[in-house]
Amino acid sequence: MPANFEELVRTHAADLFRYAFWLARDSQQAEDVVQEALLRGWRAFPRLRETAAARAWLFSIVRNEFHRARGTAAPAAESLDGLELADERSELIGLELRDALLALPAAYAEPLALQVLGGFSCGEIARMIGVTEGATMTRLTRARQMLKRLVEPRARKGAKP
Amino acid sequence: MNCLDYRRQLLAGSGEGDAMRVHRLGCAACTAEWAQHGAFEEALRGALQVAVPEGFVERMARAPALRRRRFLAAAAGTLLAAGVGGYAWLARQDPLAMACIDFVMKEEAKSIMMGPMPRDEARRMLAGTMPLEAVERVGQVKHVGPCPFNGRNAYHIVLTVPQGKVTLLVMPGYRMDGPRRAAKEGMSAAVMAAGDGSVGIIGTDVAVVDSVMGALKA
Ligand SMILES: [Zn+2]
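First to last, the protein sequences are chains A and B. At position 4 of the first sequence (counting the first as 1) the number is 4 in the numbering used here, and the numbers step up by one without a gap. At position 30 of the second sequence (counting the first as 1) the number is 30 in the numbering used here, and the numbers step up by one without a gap.
In short, the hints are calculated from the structure, not lab data. Just so you know, not all the hints are guaranteed correct.
Stretch by stretch, here's where chain A covers chain B in the computed footprint (C-beta under 8 Å, at least three residues) [claimed, not checked]: (1) 30 to 44; (2) 160 to 168.
On the chain B side, residues computed to face chain A include the following (Cβ under 7 Å) [said to hold, decoys possible]: (3) G13; (4) L48; (5) V50; (6) V52; (7) A61; (8) A215.
What follows is a set of in silico ranges between Cβ atoms, one per label pair, in the way DEER data are often shown [stated by the list, open to error]: (9) K142/B / R25/A: 46 to 52 Å; (10) H67/A / V22/B: 41 to 47 Å; (11) P105/A / E185/B: 54 to 60 Å; (12) R98/A / R123/B: 56 to 62 Å; (13) E50/A / G55/B: 29 to 35 Å; (14) Q49/B / G123/A: 22 to 28 Å; (15) L102/A / R21/B: 29 to 35 Å; (16) N2/B / T132/A: 20 to 26 Å; (17) R127/A / E185/B: 44 to 50 Å; (18) L102/A / G26/B: 37 to 43 Å; (19) C27/B / E133/A: 22 to 28 Å.
Glycine included, C-beta positions come from ideal geometry on N, C-alpha and C.
For reference, chain A alone in the conformation it holds in the complex (with noise of 0.2 Å):
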């Protein structure tokens, strides 16, 4: 168990703010969602038995927070079947990165933030936001190659005029 619930808060406060901020896109709204969030973690604290886990743990809450706050159920298995980038948003080619990220479907950011920023595996990733391993790879790799078209000059496509 872990000593201290402060210092625990201090190590992934940063982090799971920037999860919260990908999951809300909104700086004010993703500070309030953890801040809920740390208060019903301490409230839970003492529940939890390994301090091993309680960076994943801290960040479902995080997630719980923001779906009960957003007043829907966190979508478990929702269908990504078909949810390609669609291609009237081509216009978006050679974007930055950061706006790149914000322009993709949440079922994509979150995993990508999940694995880059949480440092969780896509095991690990599979069971906070309910899907199978299997789905979580694919939209981890979906996710790649969109940003990776978004990001890319229009130019090399030889659609510049």
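Please build the complex by placing chain B with the ligand on the supplied structure of chain A, with the hints as guidance.
Just chain B with the ligand now, with coordinates in the frame of chain A:
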């Protein structure tokens, strides 16, 4: 593994496994892809790392303590304003919960000095009401001993949780509707139904008492 497999796995972002490395070392195209991908991942990490608001981590680290202090101040204020009529459960002092606080303030030290009971016996005596294993999942058990309480045989447990020390009084055979509460002199107590009896939880902080109560129920 072929080039397509290699690129698909690269895009999944889990790093390069042995099979992948073997393919890359023998493939110029994938070596070029790999170099490009490394730069992309670096940029991706940077793009995901949005700026954290000034002072955010400090605010978050202190938020639960602040909220707790505000709550206690508000409760105390209400009590004063209403001339001890006010804050629902703080004002409705339950005698049993109050006796739990008195126990901690007056009898606890003596009870600990009397010495602990053998673990096997503690397990057996607590099993029907609040199994020792369940208590050990919530925090570190520092003491378990028998103690007369409220005219009955009860068991006294001293527990440390991350937020501090909490005392439990396990009362087999004493059934009631819970939780009942009391607070005085900086102590807070709740008594809840458990198994064939009830358990009193006493601590210096109402939020921690609640938190332990929730954990024991789970
Ligand atoms: Zn190749």
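Structure versus earlier hints, numbers of those that do not hold, lowest first: Every hint satisfied by this model.
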